Amino acid sequence: MTLLAIVVVGIGSYVFRSVFILALADRTPPELVSKALRNVGPAVLSALVATDLWGPNAPTVGAPELAGVVAAGLAAWRTRNLIASVVAGMVVRWVLMAIGV
Amino acid sequence: MGSVSLFVPAIPFAMVLGVAIGESSINNLLGWSSSWIIFGGASQLTLVTILAAGGAPLSAMGAALAVNSRHLMYSAALSPRFADQPRWFRWLAPYVLIDQQFALTEPLEDDADDWRRFYLTSGAVFWTFWQTTVALGILLGPLVPESWGLDFAVPLMFLGLVVVALNRWPAVVAAVGGGAAAWLFAGLPNSLGLLAGGLVGVVAGTLADRGHGGLER
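Going down the list, the protein sequences come from chains V and F. Anchor point for the first sequence: position 1 equals 1 in the numbering used here, and the numbering is continuous, going up by one each time. Count along the second sequence from 1, then add 1000; that gives the number in the numbering used here.
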């Protein structure tokens, strides 16, 4: 039964990931649709950040985490470097937690 | 290489999943098989957690599928990139279309052959790392002390990816709208808040695009 559940979720996930690629790759979408599709990345990934931080399974987010998020965002904006951004966010959070904020 | 640095924040997540499988009543090999059958950490964790807690298989499957339904939007967003791609690649590529893979490959403006090579390489790297680290999590248990809070690196990584890719005004509106709406709806179960946030963000960004006549920054 567990194996069946895993296989069903596996097939379903593949269908989610493949359906538009297989159905739409040979068509040129209308102008409005292609404009909308260019916004999927920033919209969904930003929503993913918010649910990772505040969703049902998220850990408690306090001042150190908020400061870490701001630091990571600023670092990403200034340096355009992903590693620098994650390191900045983690370090700010650790420092604030260590001094008991 | 980009996909390696993106994978580092996913290691604690793989460990969490591995530990959840190891501690559950589910056979370890069967639990690990979800890594290559499903290949999606959040939905694997949802499925394993509900099944291990004695939940009905139907509701476990429904919840796990709901968590992965955001990949529908990735599929739609990437579909124009597959116009010049061979058939075998259209069938193979969706299998590895996880969050990191989408975030890494979507902004690239390479020509079709370069983009396909990059997609395949980074997909193979993610896939191999994921199978290995989930297995390590099952076998070795919680190696990473929880007090380090390494799972905090996951949202930071996606935040960095969003910010670095913001080069158009509508994308900024989409990101701010999507994040704010997902925060508002964060209490909804099964990633519904994530879906709602994503939809609000796409609509907001597209409206901004029309309002400004596609202003490029």
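By construction, these hints were calculated from the structure, which means they are not laboratory data. Wrong hints could be hidden among the right ones.
Partial selection, computed: residues in chain V whose CB lies under 10 Å from chain F [as the list claims (entries may be wrong)]:
#1 MET1
#2 TYR14
#3 PRO29
#4 ALA63
#5 GLU65
#6 SER85
#7 ILE99
Where chain F lies over chain V, by a calculated footprint (3+ residues, C-beta under 8 Å) [as the list claims (entries may be wrong)]:
#8 4-10
#9 18-26
#10 46-57
#11 66-80
Keep in mind the model is a prediction, meaning the values are calculated, not measured. All C-beta atoms in this analysis are idealised placements derived from N, C-alpha and C, irrespective of residue type, glycine included.
Hint check:
1. Given the 10 Å rule on beta carbons, the hint for V/MET1 holds: about 6 Å separates it from the nearest Cβ of chain F.
2. Annotation: V/TYR14 was flagged as interfacial toward chain F, and the flag holds, the nearest CB pair being 6 Å apart, inside 10 Å.
3. A least Cβ separation of about 7 Å between V/PRO29 and chain F falls short of the 10 Å threshold, and the interface hint therefore holds.
4. A distance limit of 10 Å between C-beta atoms decides the matter here; for V/ALA63 the minimum to chain F is near 13 Å, and the interface restraint is violated.
5. At a threshold of 10 Å, the smallest CB-CB gap from V/GLU65 to chain F is about 7 Å, leaving the interface hint in force.
6. The closest approach between the C-beta of V/SER85 and any C-beta of chain F is roughly 4 Å, which is under the 10 Å cut-off, so the hint is satisfied.
7. Proximity of V/ILE99 to chain F is violated relative to the hint, the smallest CB-CB distance being about 15 Å (cut-off 10 Å).
8. For the stretch 4-10 of chain V, the stated coverage by chain F is satisfied: 7 residues place a CB nearer than 8 Å to a CB of that chain, which reaches the threshold of 3.
9. Only when three residues or more bring their CB closer than 8 Å to a CB of chain F does the claim for the stretch 18-26 of chain V stand; here the count is 9, and the claim holds.
10. Requiring three or more residues with a Cβ within less than 8 Å of a Cβ of chain F, the coverage given for the stretch 46-57 of chain V holds, as 11 such residues are present.
11. Coverage of the stretch 66-80 of chain V by chain F holds in this model, with 8 residues showing a Cβ closer than 8 Å to a Cβ of that chain against a need of three.
Violated hints for the displayed structure, listed by number in ascending order: 4, 7.
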